[in-house]
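Trainee: Just need the whole structure built from these sequences, with the hints factored in.
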Amino acid sequence: MTSDSQSEKRLEELREQAWKDGVVAGRGVDVAGGPIPRKPGYYGEPVVKPPVWTWEIPLYFFMGGMAGMSAVIASAAIIFHQVDLARAAMWLAAVAGAILSPVLLIMDLGRPHLFLNMLRVFKPQSAMSMGAWILTGFGACVVPGLIAFELHAHQIFPGTLDQLLRVAAGIFIFCSAIFGTLLANYTGVLIGATAIPAWFLHRILLPIHFGTAGLGSAAAVLELLGYRIPALNFLGFYAAGVESVLLIWLSVNKHGVADRAIHEHSSGWLIRIGEVLNGPLAIVLRLFGLVPFAAISFLIGALVSRFGWIAVGKVSGSDPESVFAAERY
Amino acid sequence: MLECWSIEATRSIANAVFHYSITPLLHYSTNMIGEGIQSTNQRKHSYVQDHVEVGFFTDPSVCIGCKACEVACKEWNEVPDDGFTWSGNSYDNTGHLGASTWRHVMFLEQDRQKGSQVSGPMGLSAESEDPFRWVFLSDVCKHCEEAGCLEACPTGSILRTEVGSVLVQDDVCNGCGYCVVSCPFGVIDRRPSPLPDAGGAFKCTFCYDRQKSGLVPACAKVCPTESIVFGRLDDLRARGAERVQQLQEAGYNDAQLYDPMETSVRGIHAFFLILGQPEAYGLPPKPQIPTIYLKSAWTSAFATAIASIIATLVAFAFFS
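Taken in order, these protein sequences are the chains called A and B.
Counting in this note's numbering, the final residue of the first sequence is number 329, and the numbers go up one at a time with none missing.
Counting in this note's numbering, the final residue of the second sequence is number 320, and the numbers go up one at a time with none missing.
These aren't lab readings, by the way, just hints derived from the structure by calculation.
Treat each hint with caution, since some may be false.
Said to hold, decoys possible - The calculated DSS-like cross-link candidates involving lysine-lysine, where the alpha carbons are at most 25 Å apart (straight line), are:
#1 A:Lys254 to B:Lys295
#2 A:Lys39 to B:Lys286
#3 B:Lys44 to B:Lys74
#4 B:Lys67 to A:Lys39
What the hints assert, rightly or not - Residues of chain B clear of chain A, computed beta-carbon distances all greater than 10 Å:
#5 Asp50
#6 Val52
#7 Cys66
#8 Lys67
#9 Asp81
#10 Leu108
#11 Tyr208
#12 Asp209
#13 Ser213
#14 Arg239
#15 Glu249
#16 Pro285
Said to hold, decoys possible - To give an idea of the interface, some chain A residues facing chain B are shown, with a C-beta separation under 10 Å as derived from the structure:
#17 Val23
#18 Ile79
#19 Val83
#20 Asn117
#21 Trp199
Since the model is a prediction, treat every value here as computed from it, not as a measurement.
For glycine and all other residues, C-beta sits at the position ideal for the given N, C-alpha and C.
Mentor: Below you can see the structure in the form of structure tokens.
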């Protein structure tokens, strides 16, 4: 039967593989009905649909989080008379939140020219609708806020008008901080309230993670822009500390098969790498006084973990066993 | 091995044709196919004008796997083809419901007895009994009572019609993709380029255009065995319960209705009779509408917002 020739060996290998796995690589098909263990569910087909979102969405999560929390830092800086820092933070909020974020969101739409349809309805039960309104509200506050602030800072207009600009800037910046905190963490609600098992099982953790990563990212960018002040250092410690706690929470609060996309596969590695970079590593670097490195570590971690969570959604949504297992929770 | 397998396959086809298409039809017993012109599948109606809740009842025990529903759906709705590939999964080369597949006939191969069917020797020796059954079920959008896609849609593109079905208005949809992850059944999807009308979300329309003109949805109209029945939802639910009882009396012990009433989906308008467990059909046993997760997620979001504001104020108050 067997021969030593190369070609016969190859055929033997194929036979072994087909028997063992029920399918061979290349053009082979899955012998689902044959005397071979079947795949879970209906031929292993996904039960729910994995997200169709591409790189724009995780990048938007990152930008939106940073921009939103930057407006919060700007408000606090104004309250405590740190005008320079407030201006830098408002610029960051405006560029990342009012320009880059909408562009990224529109790019990801299947029909970008219809993006205004997002504002046809106001729907509290849809996190996507609330997000569209939050982003709109943020843009509508942060841009006039920044303009009024700059006009006031440069003393363009004299007397009463300048005083009016000062008040207007204060109101707009305060409002943008309110919208900003929501902009940073509504994205956790957005993916937490879906049918994807690994997402909805962690719907409490996700807003905390996204919001805190946004706060830490805003502080990190401002530090890298040269504002090496103790207040931002404290925020860096706070954000990295919370992220470290979330890393522990994630490794304790496991749901077995239902959320295995977080702990296995390449998606699991993205989550782990991201959380280590913006959690423990950022703290250690900060403790050694290596503030710029801590800031960079936090930013990379925040970005990687956003990509990680979208990757988790794709893996988890394509896994029928996860969906069946998640129904127990 | 190969020879033995083809004999088995041939026998199962013969078996299936006999057991699925002919025997159960005797219950409906006319000299026409199904209920003929008496059937709600062939009559004109005014459900849209009368605001009557309608539904589909899909019954695998009479499905012959002809895929006429898939063809009719594609033809009437002008749904583009999404590739021709061989799956190797029984006779199913469609795969799953999606943006360009609104009816999907599933072909299940199960190693169990079908009702009171006397299973012949399927193996090589005359003594060995090898229970085997082939089940076909035409899957479709469930038109949930509480629809995840409808609640998630941020443009108001998805709406509930007069007949209780869930409809996507293609000219309003901007393709955000949120309905895709909000459907607990994995039905709706965004159509990729380069297909026509790419970028929008698509799913079964319940042939709303036909229904407005008093016509029956295309899939039900063409179904030769009335495995797909279209009609008033309350009538269909009664008919489904009756059919389950009939099948159980005939020895199909694992016949049951798939209509998740006690979950947050609160029932589906296109419901199914299934033989065996829902998982085998890729149907979630306890589907939930994702809006039930909103309360805890938003609570966490507001708590995070407040914590972030306090942390920032503390930072500037005590560390500068």
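Trainee: Please go over all the hints and tell whether each is borne out by the structure.
Mentor: Status of each hint after checking the structure:
no.: 1; hint: A:Lys254 to B:Lys295; result: holds (22 Å)
no.: 2; hint: A:Lys39 to B:Lys286; result: holds (20 Å)
no.: 3; hint: B:Lys44 to B:Lys74; result: holds (22 Å)
no.: 4; hint: B:Lys67 to A:Lys39; result: holds (24 Å)
no.: 5; hint: Asp50; result: holds (28 Å)
no.: 6; hint: Val52; result: holds (27 Å)
no.: 7; hint: Cys66; result: holds (19 Å)
no.: 8; hint: Lys67; result: holds (16 Å)
no.: 9; hint: Asp81; result: holds (19 Å)
no.: 10; hint: Leu108; result: violated (7 Å)
no.: 11; hint: Tyr208; result: holds (20 Å)
no.: 12; hint: Asp209; result: holds (21 Å)
no.: 13; hint: Ser213; result: holds (28 Å)
no.: 14; hint: Arg239; result: holds (25 Å)
no.: 15; hint: Glu249; result: holds (28 Å)
no.: 16; hint: Pro285; result: violated (6 Å)
no.: 17; hint: Val23; result: holds (8 Å)
no.: 18; hint: Ile79; result: holds (7 Å)
no.: 19; hint: Val83; result: violated (13 Å)
no.: 20; hint: Asn117; result: holds (4 Å)
no.: 21; hint: Trp199; result: holds (8 Å)
Violated hints for the displayed structure, listed by number in ascending order: 10, 16 and 19.
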